[in-house]
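Asks: Quick note, the sequences are listed as chains E and U, same order.
Position 36 of the first sequence, counting from 1, maps to 36 under the working numbering, and the rest follow consecutively.
Position 92 of the second sequence, counting from 1, maps to 92 under the working numbering, and the rest follow consecutively.
It is possible that some hints are incorrect.
Below are the DSBU-like pairs computed for lysine-lysine, each with C-alpha atoms no more than 35 Å apart in a straight line [stated by the list, open to error]: (1) Lys11(U) with Lys110(E); (2) Lys41(E) with Lys14(U); (3) Lys41(E) with Lys57(U); (4) Lys3(E) with Lys57(U); (5) Lys68(E) with Lys3(E); (6) Lys17(E) with Lys3(E); (7) Lys41(E) with Lys11(U); (8) Lys11(U) with Lys3(E); (9) Lys57(U) with Lys56(E); (10) Lys68(E) with Lys110(E); (11) Lys57(U) with Lys68(E); (12) Lys71(U) with Lys41(E).
Here are the simulated distance ranges between beta carbons [said to hold, decoys possible]: (13) Arg97(U) with Lys17(E): 40 to 48 Å; (14) Ala113(E) with Arg97(U): 41 to 49 Å; (15) Met13(E) with Leu39(U): 18 to 26 Å.
In case anyone wonders, no lab produced these hints; they're calculated from the structure.
Backbone N, C-alpha and C define an ideal beta-carbon position, used for all residues, glycine too.
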Amino acid sequence: ELKVEQNPLFLSMQEGKNYTIYCNYSTTSDRLYWYRQDPGKSLESLFVLLSNGAVKQEGRLMASLDTKARLSTLHITAAVHDLSATYFCAVDRGSSGTYKYIFGTGTRLKVLA
Amino acid sequence: DTGVSQDPRHKITKRGQNVTFRCDPISEHNRLYWYRQTLGQGPEFLTYFQNEAQLEKSRLLSDRFSAERPKGSFSTLEIQRTEQGDSAMYLCASSPRGGSYEQYFGPGTRLTVT
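Modelling step: build the complete structure from the supplied sequences, incorporating the hints.
Replies: Here it is as structure tokens:
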């Protein structure tokens, strides 16, 4: 059974600091997705990582994928308050033919001014 | 392209009542997914449609749940005899044929069962 784990589950950090969120998954997959969720809201797509070694950056966020290690990272550079949200990684089950997502546990980020 | 829409956005119902949610995917997206998200958790897969065919259902989807996608366009998710444990956010997502398999999520329907 595919499992996706994130750490940390909670992260409180000061503005201006850097930090990394980790996403580990248990079986082979070449595609990984990062989403952001604000309280009471739906999921906003951040990054789509489609191959080993993929790296994508948008503003203060950078995501990477290592399919051999079954690991993705979401790096936050010089955090600002607006980045406060819950971040989810998801892996799709392409082998099932449905490409349904298996989500990680989520990382709740709070950036303190 | 107006994105995935869901209706209603909020639903409060009494235990034992039936509820129905609607999802309108992005036009020409042939893949449609339903997920359920409880407080503090990641979304969990419920069911998948490819066009009008329901190809996979999670074990989470008990006999009280049914989903349809007539004509391969909008989809409905019905919960019969609601229970307090059904309280959650129900998310719909759609995805185009092929490509990156990226799913585009709707705003969700928040169900509260009292």
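Asks: For every hint, state whether the structure bears it out.
Replies: Against the structure, the hints:
1. Distance hint between Lys11(U) and Lys110(E) is fulfilled; the C-alpha atoms sit about 29 Å from each other, no more than 35 Å.
2. At roughly 24 Å between alpha-carbon atoms, Lys41(E) and Lys14(U) fall within 35 Å of each other, so this suggested pair holds.
3. With a C-alpha separation of about 25 Å, the suggested pair Lys41(E) and Lys57(U) falls inside the 35 Å cut-off, and the hint holds.
4. With a CA separation close to 18 Å, the supplied pair Lys3(E) and Lys57(U) stays within the 35 Å bound.
5. Restraint check for Lys68(E) and Lys3(E): the C-alpha separation of about 16 Å stays at or below 35 Å, so the hint holds.
6. Of the pairs offered as hints, the one joining Lys17(E) and Lys3(E) holds, with about 30 Å between alpha carbons and a cut-off of 35 Å not exceeded.
7. Proximity of Lys41(E) to Lys11(U) is assessed by CA-CA distance (about 15 Å); at most 35 Å being required, the pair is judged to hold.
8. Distance hint between Lys11(U) and Lys3(E) is fulfilled; the C-alpha atoms sit about 31 Å from each other, no more than 35 Å.
9. For the suggested pair Lys57(U) and Lys56(E), the alpha carbons sit about 33 Å apart, so the restraint of at most 35 Å is met.
10. For a cut-off of 35 Å, the pair hint linking Lys68(E) to Lys110(E) stands: about 31 Å separates their Cα positions.
11. For the suggested pair Lys57(U) and Lys68(E), the alpha carbons sit about 30 Å apart, so the restraint of at most 35 Å is met.
12. Straight-line distance between C-alpha atoms of Lys71(U) and Lys41(E) comes to about 29 Å, which keeps the hinted pair within the 35 Å bound.
13. For Arg97(U) paired with Lys17(E), a C-beta distance near 42 Å keeps the hint of 40 to 48 Å intact.
14. A hinted range of 41 to 49 Å for the beta carbons of Ala113(E) and Arg97(U) is consistent with their spacing of about 45 Å.
15. Take Met13(E) and Leu39(U): their Cβ atoms lie about 23 Å apart, and the range 18 to 26 Å holds.
Hint compliance for this structure: no hint is broken.
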